[in-house]
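**Student:** From first to last, the protein sequence lines stand for chains H and P.
Sequential numbering from 1 applies to the first sequence in the working numbering.
Sequential numbering from 1 applies to the second sequence in the working numbering.
Please keep in mind that the hints were generated in silico from the structure rather than gathered at the bench.
Glycine included, C-beta positions come from ideal geometry on N, C-alpha and C.
Hints are supplied without guarantee of correctness; some may be wrong.
Here are some, though not all, of the chain H residues that point toward chain P, as calculated from beta-carbon distances under 8 Å [said to hold, decoys possible]:
1. Asp181
2. Val218
3. Thr251
4. Ser252
5. Leu354
6. Ala358
The residues making up each chain are set out below.
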Amino acid sequence: MGTYTRRFHELGSADRSLVGGKCAGLGEMFQARLPVPDGFAITVDAYEDFRDASDLREELKRLVRGADPASPQSLQAAHERATALILGRELPAAVEEEIRGAYLELARETAQRRGAGDPDRGPVAVRSSSVDEDGDAASFAGQQETYLWVVGADAVLAKVRECWASLYTPQAIAYRSGMSDTDATEASKISVAVQLMAGADVAGVTFTVSPRTGDRSVIAVNASWGLGQAVVSGEVTPDEYWLTKAGPSVTSRRIASKQHEYVPAPDGTGVIRRDVEESRRDVPCLSESELMRLAEIALRVERHYGCPQDIEWALERDADGVPRVMLLQSRAETNWRKRKQKSRNTTKATTDLLGFVAAAVKGETR
Amino acid sequence: MTTADGERSQTPPSAQPTPGRGFPDPYEISTPEGAEGWEEMYAYHNRFLYARRAEDSAKTWFRNSLHFPEVSYPFDQLIVDGAFTGTGVTNTRVFVLPPAKGLDVRVVNGYTYMSTIPSPDEEEQARRAEEFAKRAGHYFRNWETLYAEWQDRVTDAIRTVHDLEVPPLSEFEPIERVLEERGPSQGNQLLAAYHRLLEHGDRIWTLHSEFLNLGYAAYLRFLTLCKEHFPEIDDQTISRMVSGIDVLLFRPDDELRALARKAEELGVGDAVRAATTGEELITGLGGTGAGRRWLAALEESKDPWFHFSYGSGMYHSHRSWIDDLTLPIQAIGDYIDRLREGDDLVRPLEKLQAERDALVDQYRSLLDEEDLPGFDEALGLARLVFPYVENHNFYVEHWFLTNFWNKVREFSALLQKWGFWEDVEDIFFLRRAEVEEAVVDLQMAWGAGGDPQGGHHWPEVIRRRKEIYAALSGWNPPPALGPVPEEISEPLTIMLWGITPETVERWLAAQGDGANGTTLSGFAGSPGVAEGRARLVLRPSELDAVQDGEILVAPVTSPSWTPVFGRIRGAVSDIGGIMCHAAIVSREYELPAVVGTGFGTSTIKTGQLIRVDGDTGTVTILDEAADVS
Chain H
1 MGTYTRRFHE LGSADRSLVG GKCAGLGEMF QARLPVPDGF AITVDAYEDF
51 RDASDLREEL KRLVRGADPA SPQSLQAAHE RATALILGRE LPAAVEEEIR
101 GAYLELARET AQRRGAGDPD RGPVAVRSSS VDEDGDAASF AGQQETYLWV
151 VGADAVLAKV RECWASLYTP QAIAYRSGMS DTDATEASKI SVAVQLMAGA
201 DVAGVTFTVS PRTGDRSVIA VNASWGLGQA VVSGEVTPDE YWLTKAGPSV
251 TSRRIASKQH EYVPAPDGTG VIRRDVEESR RDVPCLSESE LMRLAEIALR
301 VERHYGCPQD IEWALERDAD GVPRVMLLQS RAETNWRKRK QKSRNTTKAT
351 TDLLGFVAAA VKGETR
Chain P
1 MTTADGERSQ TPPSAQPTPG RGFPDPYEIS TPEGAEGWEE MYAYHNRFLY
51 ARRAEDSAKT WFRNSLHFPE VSYPFDQLIV DGAFTGTGVT NTRVFVLPPA
101 KGLDVRVVNG YTYMSTIPSP DEEEQARRAE EFAKRAGHYF RNWETLYAEW
151 QDRVTDAIRT VHDLEVPPLS EFEPIERVLE ERGPSQGNQL LAAYHRLLEH
201 GDRIWTLHSE FLNLGYAAYL RFLTLCKEHF PEIDDQTISR MVSGIDVLLF
251 RPDDELRALA RKAEELGVGD AVRAATTGEE LITGLGGTGA GRRWLAALEE
301 SKDPWFHFSY GSGMYHSHRS WIDDLTLPIQ AIGDYIDRLR EGDDLVRPLE
351 KLQAERDALV DQYRSLLDEE DLPGFDEALG LARLVFPYVE NHNFYVEHWF
401 LTNFWNKVRE FSALLQKWGF WEDVEDIFFL RRAEVEEAVV DLQMAWGAGG
451 DPQGGHHWPE VIRRRKEIYA ALSGWNPPPA LGPVPEEISE PLTIMLWGIT
501 PETVERWLAA QGDGANGTTL SGFAGSPGVA EGRARLVLRP SELDAVQDGE
551 ILVAPVTSPS WTPVFGRIRG AVSDIGGIMC HAAIVSREYE LPAVVGTGFG
601 TSTIKTGQLI RVDGDTGTVT ILDEAADVS
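Isolated chain H (complex conformation):
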């Protein structure tokens, strides 16, 4: 177990303060044998020690404190200065070596397992992992970066710095400038996930509770072609599939016209956005059996956590068309907890009648 990196199999939900929510969740699912691409977390300590190895911490604090949250120019200037500092300052040797080592170990293991690929250049996704419990705060704090198809240790290190630098977007600076020292310190803790790249012919989000009504017997799937960011960012109207957990079985489908998709760049580094060719736009991106597979995995995730989930996934079809589903993230969907709805067709007269019936069953008047 390293100081600055932890493999997913070493992590669980309890490790949030060390590796942030995203990495802790990925570790938890990995350990539960759910299909999560393998990877490792760069701990909060890596960034903390990076800041402490020089006067960087104080300088960044001064930048945040000195910015005028009401002035866009001031925030922009602070952002540019902070980003330059984080991207330009030397990494402590121990931090850099451990990240390189962890990446190469992951890439080599994978190349060996698959019997293919350059053992030093396995493509990974690099994503920030927020410590803050509050998703909105994390979003303000800029800790939502994702870099796909990152190849080679140097590129990984560069993207890790970019994740760290995302703590200093103008809006993140404005958000923290009014905080107490303690709160600002807490809000500027960050971890990074480095995860094997999941290929995606189709990607999307699965809810194990109805986003319409909070019905817990419903599974809702939104999906579109290519990598998931088109769906997550709302750039395309995805296909909507509604299932009932009983079965499970599909109850309805709404097939959208899917105009764009994200795919790996032709040179093997990064991703590009392109138009979906006409012939694929209006056809369902998921088959019945793929939906069943997604539902089955989603239910496993829900069972593991014991509450409704909002799950990001990617699905890759092999040469024979056999689908492989990979989970990229799962969050508890708590909006609907304890919110029970009256059925739309339940009128007062029905409620009254049922009250009388319930009473009569017990031998009471009401």
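With chain H held as given, fit chain P onto it using these hints.
**Tutor:** Showing chain P alone in chain H's frame:
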């Protein structure tokens, strides 16, 4: 006496009309050409009387096309009256349901319309609740014992009607009457027997309703609870958690499967397949021991299982398997073919049972701990009541009514013999009160030794009424009359007839478009999608025309059509609520079904290519060309 006070303290109707939108006024409906004088076919209490115009025009009247899709024959109107009376008296006076009473009934151009009687106000509800708790509570707590006893009472009523003797009106009274009994004459007995038949035809509906609305209420309670916990759950899933696997209505079909198997065991399968009528069966099989053994098995199945109406049983014209063996013989032949193709014809009861239990477990597992006891209790009660809800239909509509109509025919045969009319079926063109007049006419004439007058009176009346009946049958009755109700709150209306505010909106919209669109929407009755040629079946006599792979389009389907579901690819019905038969059978046969489309039979034509989407509840007409054959 408290009841009379209560009636005076009723509040005005809860369904206040929305101004400016509405359905046709019942008093402004014109008579179809050729049907002039149709009012004579129905008693005054069935009609919209001008003296009540202000009151009746202000109410919303829904067409009851679920139970009475066809024009009422004058005699058959007693079923309409009896059915509404039975449910009304049970709600209002027997169990004293606090928030709902019965329904008003009217006939327009031969079709049945109904309107809710205003709900009692809060104070009266509280008073009614005292009574309801004692009465309904007794039934809920002793359900199984009372249900067993009910089965005996209904079976007695069936036997009584079956055994009812229509006096032969012999030339002389039997000598024993003079020497020993000195009882009533055959003339007295004739009138008494007619009264006895009417008495049973009336009472059967009180028996019919005895458990039904309590059963529905218990079911509705579970349904409502499910929808509170799972707002998107569909009605069919709920009914799958409750419904019995071994439903009496599947029994006649099971008998046919068993007869097919028996024919193969006895080696008479080919002879059975070759027959199309009962006579051909006897000629084909009567000559061998094995054949006679099969015929004996057939006789055994017939009583009671062939007392199974081709329609709902509510019309004398529907007839039953026992009267016309065409469908059962054809179905047995189909089943023999399936056996030869390797199908074992066994309904997988254990599998269905396991699926039902798994479904319940699945939903239970999604509930919070504290909600489980309430769910289990409501489910338990719904399951307790459900055998009645599912099975009463066989006892009453099929078994009883088959005997009832055939007993009416016995009276008719006697009157026919005395020259009242030419055809036994003619009696159904007389109102019940008019039949009594005819019976009295005969009684007097027979007693005096003269000729009855009926033969000089009824044939012309009947001839004219047949013309009127045909003209009314071609009329397209609107789904509702009068103003649009502001709210539909009467729980039983919603549950039994599937009439919700959304349904009313659909009707209004279709009224505007003339219902000529290429897409119809209804309730998703059974999942899946199918395409095929439409086959309209407006009445049971048209069932024979159904071809393999067609899509059945009917106003409403009957349980006895079950064997036909083996031939079709999907089903569409005009009417259907939660208890809809088309949906239940379609799920059993894994066929897509859309029910409650409202305008299926008036929009779709036989031969059109249509798509039934049982997932979304839509029916699409794919080609406009209608090959009406």
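**Student:** Looking back at the hints listed earlier, which ones does the structure fail to meet?
**Tutor:** Hint 1 alone not satisfied by this model.
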